[in-house]
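Protein chains: 4
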Amino acid sequence: MPYEGFEDYFQKKVILSVATTGGLHGKEANPNLPTQPEEVAEDIAACEEAGASMVHLHARDENHEDTKDVARFQALRDAIEAHCDDIIVNFTTGGGGIYPREERIAPVLETEPRPEVATIDVGPMNFGQTRTAINPREMSEEYAERMRDAGVKPEIEVFNQGHIPEFEHLIEEDLLDAPYWATVILGMQTGTPPHPRNLVNFVDNLPPETEWQALAVGRYQLPLTTMAMLMGGHVRVGMEDNVYYRKGELAESNAQLVRRTARIADELDRPIASTAEAREMLGL
Amino acid sequence: MPYEGFEDYFQKKVILSVATTGGLHGKEANPNLPTQPEEVAEDIAACEEAGASMVHLHARDENHEDTKDVARFQALRDAIEAHCDDIIVNFTTGGGGIYPREERIAPVLETEPRPEVATIDVGPMNFGQTRTAINPREMSEEYAERMRDAGVKPEIEVFNQGHIPEFEHLIEEDLLDAPYWATVILGMQTGTPPHPRNLVNFVDNLPPETEWQALAVGRYQLPLTTMAMLMGGHVRVGMEDNVYYRKGELAESNAQLVRRTARIADELDRPIASTAEAREMLGL
Amino acid sequence: MPYEGFEDYFQKKVILSVATTGGLHGKEANPNLPTQPEEVAEDIAACEEAGASMVHLHARDENHEDTKDVARFQALRDAIEAHCDDIIVNFTTGGGGIYPREERIAPVLETEPRPEVATIDVGPMNFGQTRTAINPREMSEEYAERMRDAGVKPEIEVFNQGHIPEFEHLIEEDLLDAPYWATVILGMQTGTPPHPRNLVNFVDNLPPETEWQALAVGRYQLPLTTMAMLMGGHVRVGMEDNVYYRKGELAESNAQLVRRTARIADELDRPIASTAEAREMLGL
Amino acid sequence: MPYEGFEDYFQKKVILSVATTGGLHGKEANPNLPTQPEEVAEDIAACEEAGASMVHLHARDENHEDTKDVARFQALRDAIEAHCDDIIVNFTTGGGGIYPREERIAPVLETEPRPEVATIDVGPMNFGQTRTAINPREMSEEYAERMRDAGVKPEIEVFNQGHIPEFEHLIEEDLLDAPYWATVILGMQTGTPPHPRNLVNFVDNLPPETEWQALAVGRYQLPLTTMAMLMGGHVRVGMEDNVYYRKGELAESNAQLVRRTARIADELDRPIASTAEAREMLGL
Ligand SMILES: [Zn+2]
Ligand SMILES: [Zn+2]
Ligand SMILES: [Zn+2]
Ligand SMILES: [Zn+2]
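Chains as they are written, first to last, in our numbering: chain A, 79 to 362; chain B, 79 to 362; chain C, 79 to 362; chain D, 79 to 362.
Just so you know, the hints here were simulated from the structure itself, not pulled from any lab data.
Among these hints, one or two may not hold up.
It does not matter which identical chain is used: a pair holds within one copy or between any two.
Unchecked claim - Derived BS3-like pairs (lysine-lysine); straight-line CA-CA distance at most 27 Å:
no., residue 1, residue 2
1, Lys325, Lys105
2, Lys91, Lys325
3, Lys325, Lys90
4, Lys90, Lys105
5, Lys105, Lys91
Since this is a predicted model, take the numbers as computed values, not measurements.
Next up, chain A with everything else stripped away, as it sits in the complex (with noise of 0.2 Å):
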């Protein structure tokens, strides 16, 4: 069903992620990106304190490399216990092609408290020459009945239009509860181009009853994101998308990208959700 959300935008408050660590690059693309559990959580502390209602997160080990150790992400829950107030926790589930599947659920369903809201990346895409990241639909199906038995919101990642009907199959067979809560991507390697006439043609293809936020890669971050916002959409900023504050200058810390985004919705009238009312959205 086209977006119809437009009036949102004059209506609705805007709700704002961080994604303060991803999985694909690290403190070689930028030293600043966080990647200990104490880091990281000092960093959703200040971008909590910012307006950041929901952080999404990726574990890394002692190395910065990549990890899906429950361990890992249990010391960053702990981490945002101790510095953060009420944030949103949202886990990745990504990693296809790398990891096996249940290794992908399990800091979901097995640290505690469990997260909030976890993420079902609903089709496949390339990464670089020779990976592909696996989502069939047996797993989307499998991880969106784990979620629902264990109290954990889905957050569908679409990467492209073609991801959309994995997304409606999962509502068709009754596996997601309205509202759905998506995240529309642009910019990636077999993901849709980072345009404005490609935002709102992606959106026109999102279920009814979806809130959505938005988020760009690279440079597109900027533009695209503020575009979700005057869209009556929500936002998602970090340096798991983008490393960069602007061309040619590093990022200090994600909450410097998060603070950028809220005033940028201060300037656009748009109020920043609060967690309750960000809960309350969606629905948690």
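Fit chains B, C and D with the ligands to the known structure of chain A by using the hints.
Coordinates of chains B, C and D with the ligands only, in the frame set by chain A:
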């Protein structure tokens, strides 16, 4: 030719125009709307200080009523000379359905110095219950010819996609010089409905070699002019288009609106063009 | 509300309208263009035989000139009664900028029996070098009221996206009854440029509960009316919009154009609505 | 670069391709789906007679199962030589997630004569509950290089907008020769949803100098391939994409589908390209 200018966002400075006064509403809508030469020029000076490189002007008489009186345009011109630095002056030729054709263009041709830019409304529009602004093709051709002879750059105002063929007609008749300068307008009575989807489509219909700015009326000004900036276009704000700063809060001045736009441009990391840079982009 | 009717292609019959004559060009453009009641009615009878369920009519005088003379409309009506079976009669109220407002609607109200449908042009348009068709809001409101009183279904003609707000205004003022019946027009002088991209955007701007047909002028008639059919819309063809059957080959009759449309509908596996089915879809 | 090719509708002949067999479904879906060389070639001959200038082929074994066996492709090739006149032969290299990379391209390189065209699937796709077709960038590059060396024209299959960047990557790496030949696919499981709005956006994302055809699966084949023709694109039909002729009625043959497409092209007044004309347009 569909719009390929998104890359301009990353490479081209943004021209910030202000339309201080307009002809449709006055101090009854907002007592801060400037109508008299001195107050207009003082507001413009503050706009220029804040980054505006062009001012679009309508004249008002001593009773604040819209007028095509050349003397009143000259008074505006003189006040600008006295108060402002180098801002590009742009005169309206609007007023179809109210003023005779000759009167509408007289201020453009008879003030000294002439404005550098003047508008041409290339199609008809409804206003209110009974008025139709009449802008026949013959008039657009005549205005373009006389502006070229007078060394004035036409600004083509397109209020809906149906005005595009008239714009193209002027190009085909060799009555305009590239780069063309167009204003894409959303939200008027018989104008394109103000929606992100429609701004994309509208711009996709512009002729090649067109520099464009967008304006949108009322509460749509803020989101859609921001969208224009992030699409690689230019932007016009001001009390002609919107008398509010935000919902329920009247603008204090045009400069207040310009300052917000400049702050957003700054946050979007898109530098504002100086008057010299604007002149170069527009071939003035 | 953006268009969700693609599924209609699979489920809804297509209403095929024909506009035999128009008011802009005549036998100088194509000697087969019918102007006199007998030849018009004979052509319509062949159109009806070929599947047309509605005929849109302008009247011409004995010299083939456009006229608003009620007697000439009555003569058309009588000839149709004599020659045709059950086709829905639709009278133009066009002619803004040429005829007084009262004359334009007189044939709708004063012929017997009245037409079941009549057009309302809800916005202004340029024609040629000097003419502007004036269609102020007050007139649209008046026409809608008088048609409702007379039991005539309005057909809202939208020539560009800027005419949509006037259409919506009539709905908001409760002057139209759902389902609304609209004609989306592409390719006129101040009309939306005829392009597949624009037909999509145009239709995405229609109000909910609108049954729509598309027409496009000249060589754009064939591709864009076919596109309307496959989008789930309805279709109007005829010599008012296009006097050619194909490039360099004048149409022999309106029925020739209708027969092609019917063949395409058949190939597209979209059945043509009977007059009864068209009446039901339009709430006649 | 957004699509400017609508004028091609008026100026360029349409290449009509047929995909007779595919690899996903077989005679259980439609007993008329040809699988054995003789029946395939006889169907192709009828397709060629009806206007098809290219045939896209998958091979089946004696038990009608999908196979990459070079001998079976050679048998198809030989049967085509025997039965057909001059149709352009196009071999699939699909089958990611099922066949090793080397097996998928072997028939292209090892049959005699080689096919003139062969597909490259440039991104991953989900099929059913568990299968992911893996098409990493490295494979696309390798296939493009080997096809160039072998004198085979690549047909880039893009299943959603996310596959476009991989297509562009091949161009940037100078692995493809203009004009590029692309198939825009709608309606697969992780493919762009089949909708007129999406066909417009999809095509707006194609690289410059691309000749494109569209295909759509199942009941969307007829409307969206017709739309491609009227947009100025080319068209592929056949039982690989759709086993029905119309709702509830299985296709009797591929030729039946081709004949309908040819009739529609004829009604749309867009001539069908001969094999020689198709070769010229594609630079074969
Ligand atoms: Zn992530
Ligand atoms: Zn103005
Ligand atoms: Zn008419
Ligand atoms: Zn295939």
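query: Going through the earlier hints one by one, which of them does the structure break, listed in rising order?
result: 4, 5
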